[in-house]
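K.L.:
What follows is each chain in one-letter form.
There are 2 protein chains.
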Amino acid sequence: MSRLGLLVSMPEELLLKNCRYVVTMVKGVLSNKDVLVSDGRIEAIGERLSKSGTVVDCSNKIVVPGLVNSHTHAATVLLRGYYDAEHHKWLEKIWSVEAELEPKVVYLASKLAMYEMLSSGTTAFVDMYFYPEETARAAVEVGIRAVLGPVFLDRLVSPDEVIRSLDRLVREYGRSPLVTPIVNVHSIYACSQETLLTAKEYSEREGLGIHMHVSETRREVFECKRRHGVFPVEYLNKLGLLTDRTHLVNLGWITSWEIRLVKEGGASVAHCPASNMKLATAGFFPFKEMVRGGVTVGIGTDGPATNNSLDMFREMRTTVLLQRNNYWDAEVRAIDALRAATVNGGRIIGKKVGKVVEGYTADLVVLDALSLRLQPLRRDNVIPALVYSATGADVAMTIVDGRIVYRRDRVAKLRSEVEAISAELNAFMERVTG
Amino acid sequence: MSRLGLLVSMPEELLLKNCRYVVTMVKGVLSNKDVLVSDGRIEAIGERLSKSGTVVDCSNKIVVPGLVNSHTHAATVLLRGYYDAEHHKWLEKIWSVEAELEPKVVYLASKLAMYEMLSSGTTAFVDMYFYPEETARAAVEVGIRAVLGPVFLDRLVSPDEVIRSLDRLVREYGRSPLVTPIVNVHSIYACSQETLLTAKEYSEREGLGIHMHVSETRREVFECKRRHGVFPVEYLNKLGLLTDRTHLVNLGWITSWEIRLVKEGGASVAHCPASNMKLATAGFFPFKEMVRGGVTVGIGTDGPATNNSLDMFREMRTTVLLQRNNYWDAEVRAIDALRAATVNGGRIIGKKVGKVVEGYTADLVVLDALSLRLQPLRRDNVIPALVYSATGADVAMTIVDGRIVYRRDRVAKLRSEVEAISAELNAFMERVTG
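Order-wise, the sequence lines are chains A and B. First residue of the first sequence: 1, per the numbering used here; consecutive thereafter. First residue of the second sequence: 1001, per the numbering used here; consecutive thereafter.
FYI, nobody ran anything at the bench for these hints, they're computed from the structure. Just so you know, even glycine gets a beta-carbon here, dropped at the ideal spot from N, CA and C. There may be inaccurate statements among the hints.
Just the calculated beta-carbon pair ranges, DEER-fashion [stated by the list, open to error]:
no.: 1; chain 1: A; residue 1: Val357; chain 2: B; residue 2: Trp1328; range: 39 to 45 Å
no.: 2; chain 1: A; residue 1: Gly359; chain 2: B; residue 2: Arg1219; range: 46 to 52 Å
no.: 3; chain 1: A; residue 1: Glu100; chain 2: B; residue 2: Val1291; range: 35 to 41 Å
no.: 4; chain 1: A; residue 1: Arg292; chain 2: B; residue 2: His1088; range: 22 to 28 Å
no.: 5; chain 1: B; residue 1: Gly1350; chain 2: A; residue 2: Glu100; range: 32 to 38 Å
no.: 6; chain 1: A; residue 1: Ser31; chain 2: B; residue 2: Arg1175; range: 48 to 54 Å
no.: 7; chain 1: B; residue 1: Ser1059; chain 2: A; residue 2: Ser256; range: 53 to 59 Å
Residues of chain B clear of chain A, computed beta-carbon distances all greater than 10 Å [what the hints assert, rightly or not]:
no.: 8; residue: Ser1031
no.: 9; residue: Ser1038
no.: 10; residue: Gly1053
no.: 11; residue: Lys1093
no.: 12; residue: Glu1172
no.: 13; residue: Ser1256
no.: 14; residue: Asn1276
no.: 15; residue: Gly1294
no.: 16; residue: Lys1352
Just need the whole structure built from these sequences, with the hints factored in.
P.N.:
Shown next, in the form of structure tokens:
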């Protein structure tokens, strides 16, 4: 797999030796501990552990759970920086390029996005885009965890076609450790009631999650109320679409009684602060009410066309900043954002990841404790350092499923592959927009 | 000067050869150009330039003007991540540590902050903090441009003492190419009217700039109105403090008629979005009204205790995101933030920096055009890539006054110095808070 530019090694056993700090998300921040990974799982956390496998000196490192990007459109890295405007104008421009998409372009763009994610500490992501089989193939090659599937979107594709694509995906990846098929529903406004019910039935029959945009814009809420007589989340509730397999994204214009419905149904949500801000969708994702109400809240970057980044460290920071700005108080803290990106991310994707504890799957990120951005670093300021000061660039090593899939000190091959992929994507953009 | 950990070289002539992109801020983005620096100035921008001095291959690089941090308290890097709460509670905690400050701690913390700034593309900063002579000394050693001075703050120091300190600073740095003395006034609420007038007189007599916090919080505006019968900027206007030497910071609670006063007086302003958000001061810095009204708007990180970063790339991004969120439209663009951080920054500090044009002082940043975060990079998306996608970590080289003061590929010595300084600062924090 090293032909892909990233060093992918799969030691039987991996010992992160003498970690300066371990951010467990359960038992606080530990100092000077070893973390032993065996057969893809965290086997032990302790002192003076020793093993025959690969040993990594972590005396200048911070070990944290892998970050889960709870909502993105990875392959839109293709469209990064292409057009910079308000939501509806932006969508029109983007759609004109997307009408020309080819599977190979999605494959290459997905790979580029995955390299960016792994290099910035993201070990898993929930994706919604065209040609998901290309993104799935790239994920397995690169070694990242991906939750994805074809998208119900009436204007572009018939529900039958989506179902055939889902069938193929389930057949191929139903038992994959890295790729989890999911039922993607673009939104209420992009799907008929019949399509929504078809998606629901498929999800129930195959036991798959449903992932959809809801209440991102005022216009969308207005149209839903006008057409269906109820607010968007109420509408989903009426159709039986709010279950513990449902994952809702955006919710910048959700009412208090809809939050209750989300909680009662057991659905999870993803907050995408940077994208909402950049597209000027305004609104206010009620983070505190969601969390206090017992809803599982994750964080997503949204696509790199709207963010324009896949860096979950930046997104955690933006989460706290935006929430404080909106509420006019400082109650939302660094730890809340870190929990959303790790523990809650693990819940959202239904995997035993997001904590550094024995028995958990080894999706881990190793950061450089000597990074200038984090100084002066102490045990008592590690959490704010991670959320407010770190960027993805501080990641020294990323581990998914016990395998080292990124090392900052071995990127020479990666750089030349990145250059080649970018050239191909730019050639495509020139062809379809030029 | 290399004993300081950073490679500081001062070639007679420096040729940035075959730059993939040059962001001029005047003539758009150029491709494949050479930039020739001679005697600290940009001597020529063209093709196939050749010289006898140092040549840097920039075929995989982007050259941009050095970023100007228009407001910070650099040495508060000491307090980064120390306490994370709402503005007034936070201030109390911080003041209790600051009461114990020592010159050496300010010197070390300033140096750490400067390393972070240079490594993330900031070539100049406007500073307000205690023991400015320590920060000035560090700035000269490290090779960064600093605008600084002692702070009028009645509770802690008498105006006479501030003036004596200013006299010393002017004597020592009046003709320094790197350090510019300035009259720092903490705020209206921290100074009597007499102190404000003393500061004004000093500024007029010595021809120095005045730098002060204004209208950061609702409380401050309320108190000013109650005590003085007018809003804060109106009050400054009454005292004759709004001139083209005045630089005002924050202004989250400014009225429309106060904006007019700022413009008429010729004062410049600094927007500090991340700090305002993180401290939950709420309010709304009216970026569009300021710019349209003809006010020179810069961007500041504020101190690393409230941000918690000195990365101006992150701050440019946050500027656009916050403005779009506040206005509910996408009119503020990437180029507006970049202009604020470069061209306007140059105006604010009164130096011929902030553009890459012949005759300007060579304060330049060289970024890695192959960074994963920026792909796929083209000439037409360089500006959004810089503002939305780049972080300080993409900086490969920083040049101040024609000297190379940072190189990403030569940080081994820097890392050990950073570790040593952090240990000293942590020991101090333990002593005063433990």
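K.L.:
Return the numbers of the hints above that this structure violates; sort them in rising order.
P.N.:
5 and 14
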